[in-house]
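Counting in full-length UniProt numbering, the sequence shown runs from 1 upward without gaps.
Do not take every clue at face value.
Only pairs whose alpha carbons sit at most 35 Å apart, straight line, appear in this in silico DSBU-like list of lysine-lysine [unchecked claim]:
#1 Lys158 to Lys122
#2 Lys136 to Lys96
#3 Lys378 to Lys484
#4 Lys18 to Lys158
The hints are simulated quantities; they were obtained by calculation from the structure and are not laboratory data.
For clarity, every value in this text was computed on a predicted model and none was experimentally measured.
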Amino acid sequence: MTAETTTDKRLHCPSCNKKAKRVSQVTLRALLKDQFATEIGSDDHSCCDSHSGCTSLTEDTGWRYCDSSDCDVVYFSETGDISFTKSQLNVPVGVKETSGERPLCYCFGHSVASIKNELRTKEHSDALEDIRDKMKAPGCHCETSNPSGSCCLGSVSKGIRIAQKELELNASNETPTSIVKPSTGRVEKFAQIGTVFSAIMASACCWLPLLLLAVGVSGAGIAATLETYRPLFIIVTFGFLGSAFYFTYRPKKFAAGTGHGCCPTETMEAEDCCTPKAKRRFNMMSLNKVMLWGVTVLAVAFLFFPSYVGLLFGTGNNSAVTENMHRAVFQIEGMTCEGCATTVAQAIRQVPGVVAVEISYEKRQAAVGVEPGSPIPKKEILAALKKAGYSGKILSTEETSEASDHIITATTPPSIDGDDEQSSNIPNEFFLQTVLNIEGMTCEECAKRVSEMIHSVPGITDVHVDFESGRANVQSPACCAFPKEAVLSAVEKSGFHGKVIVEETPVSTSSTKQ
Numbered sequence: 001m002t003a004e005t006t007t008d009k010r011l012h013c014p015s016c017n018k019k020a021k022r023v024s025q026v027t028l029r030a031l032l033k034d035q036f037a038t039e040i041g042s043d044d045h046s047c048c049d050s051h052s053g054c055t056s057l058t059e060d061t062g063w064r065y066c067d068s069s070d071c072d073v074v075y076f077s078e079t080g081d082i083s084f085t086k087s088q089l090n091v092p093v094g095v096k097e098t099s100g101e102r103p104l105c106y107c108f109g110h111s112v113a114s115i116k117n118e119l120r121t122k123e124h125s126d127a128l129e130d131i132r133d134k135m136k137a138p139g140c141h142c143e144t145s146n147p148s149g150s151c152c153l154g155s156v157s158k159g160i161r162i163a164q165k166e167l168e169l170n171a172s173n174e175t176p177t178s179i180v181k182p183s184t185g186r187v188e189k190f191a192q193i194g195t196v197f198s199a200i201m202a203s204a205c206c207w208l209p210l211l212l213l214a215v216g217v218s219g220a221g222i223a224a225t226l227e228t229y230r231p232l233f234i235i236v237t238f239g240f241l242g243s244a245f246y247f248t249y250r251p252k253k254f255a256a257g258t259g260h261g262c263c264p265t266e267t268m269e270a271e272d273c274c275t276p277k278a279k280r281r282f283n284m285m286s287l288n289k290v291m292l293w294g295v296t297v298l299a300v301a302f303l304f305f306p307s308y309v310g311l312l313f314g315t316g317n318n319s320a321v322t323e324n325m326h327r328a329v330f331q332i333e334g335m336t337c338e339g340c341a342t343t344v345a346q347a348i349r350q351v352p353g354v355v356a357v358e359i360s361y362e363k364r365q366a367a368v369g370v371e372p373g374s375p376i377p378k379k380e381i382l383a384a385l386k387k388a389g390y391s392g393k394i395l396s397t398e399e400t401s402e403a404s405d406h407i408i409t410a411t412t413p414p415s416i417d418g419d420d421e422q423s424s425n426i427p428n429e430f431f432l433q434t435v436l437n438i439e440g441m442t443c444e445e446c447a448k449r450v451s452e453m454i455h456s457v458p459g460i461t462d463v464h465v466d467f468e469s470g471r472a473n474v475q476s477p478a479c480c481a482f483p484k485e486a487v488l489s490a491v492e493k494s495g496f497h498g499k500v501i502v503e504e505t506p507v508s509t510s511s512t513k514q
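Turn these sequences into a full structure, and let the hints guide you.
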């Protein structure tokens with residue numbers, strides 16, 4: 001008997017033969033005109049709740065709802081020949097119309113016409129989001145307002161697509177292909193990756209030498225080369241960043257049409273009668289925006305890295321150079337930012353014997369301190385600077401604090417006749433100074449080589465060479481003849497040509513050291 005009853009039930013519309021869906025008797029009594037509503041039974045079962053929304057009917061109610069726009073029938077009985085058309089309802093059935101207002105959401109007032117107005121003004125529709133928000137409080141009343149008796153999100157989603165198509169047909173200068181397709185996010189990701197990469201390269205002049213120094217690899221020339229391209233990398237960084245913001249925040253034309261409401265399937269019941277879901281707080285667009293702002297912070301951090309790298313790694317000032325240390329001051333060439341000062345400090349600090357380093361980026365100088373009584377490892381410090389990609393020269397030491405730039409001072413005179421004590425105890429007035437003109441010197445190393453060669457000549461007690469002026473001040477005891485030929489020969493052996501321009505003049509030991 002039950003099988004026969006199920007078989008005899010009418011599930012398809014008697015007018016258009018489209019399969020219809022279940023509808024509650026509560027809906028019919030609420031929406032049919034009074035003279036027709038009396039024909040409906042008194043079943044008070046409700047599928048809608050003000051807090052949880054509307055749910056699908058799981059059992060037959062004896063009535064079906066047809067949403068086809070091809071016929072006028074709205075409701076019909078599963079058994080018998082009773083049916084109701086559009087004219088017998090108190091409200092218009094928007095989904096069965098092809099023009100006009102065409103209401104879709106009877107609870108919150110959305111229609112095809114209102115959606116078209118949104119698309120014209122904002123190029124997208126917020127109808128679905130508005131409905132989901134308003135369903136929470138005070139909730140929807142679809143069962144007694146919507147002719148379908150169920151959730152309207154599926155109908156609204158269809159209405160958005162219908163509105164888009166109608167606007168396309170009405171636009172004479174627009175074709176269906178002009179609709180903006182949903183972004184895959186590739187352009188945004190490429191711009192974000194480009195932003196970070198160019199920002200990293202813009203600050204590489206500071207962090208790369210530090211990294212190479214940490215692993216023991218020479219960074220000679222790298223800092224200067226990268227510093228040259230730093231302005232270009234900064235421009236590229238802001239170019240990528242601007243592109244990323246544009247592609248992330250640009251208006252998406254008709255973007256709302258890509259959604260399917262709250263229903264995951266294409267079936268009628270899944271589209272129109274599903275439990276309302278919470279608003280998606282973290283969709284792909286939100287993720288792109290979060291990533292973009294993260295990339296922005298990262299890019300700014302890298303771009304300004306040279307400004308605060310000294311705070312992170314220090315410039316050697318944590319170990320101050322004190323007066324009781326054996327000290328020396330070096331002039332550093334090639335520093336362009338605070339990051340360079342950090343690199344220089346790290347390089348000098350690694351030299352054995354160095355106990356304190358102070359870097360002044362403004363003066364481009366490095367003050368180095370060693371233990372009292374210990375020699376300053378000048379050669380090792382200069383070599384460390386060269387390995388790090390910088391050049392340096394000695395400005396002064398503890399004994400020659402007033403020395404001028406580019407002066408190489410030999411402070412340990414050789415013995416005369418093998419007696420160091422005898423030469424050091426000779427009265428000041430018994431020393432003579434001879435000035436030589438040296439041709440061909442171009443750098444500090446040239447001056448150093450000349451100084452060492454002249455100092456190796458027997459009878460020479462002190463030598464000062466200035467490669468910029470091309471002069472060499474040579475000191476010898478007054479008791480002995482100045483070894484002119486031997487000195488000039490030593491200059492020739494060092495690869496340069498010299499001649500005496502000032503003959504022997506009395507001089508004190510203290511004055512020559514200044």
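Checked hints:
| no. | hint | result |
| --- | --- | --- |
| 1 | Lys158 to Lys122 | 19 Å, holds |
| 2 | Lys136 to Lys96 | 28 Å, holds |
| 3 | Lys378 to Lys484 | 30 Å, holds |
| 4 | Lys18 to Lys158 | 18 Å, holds |
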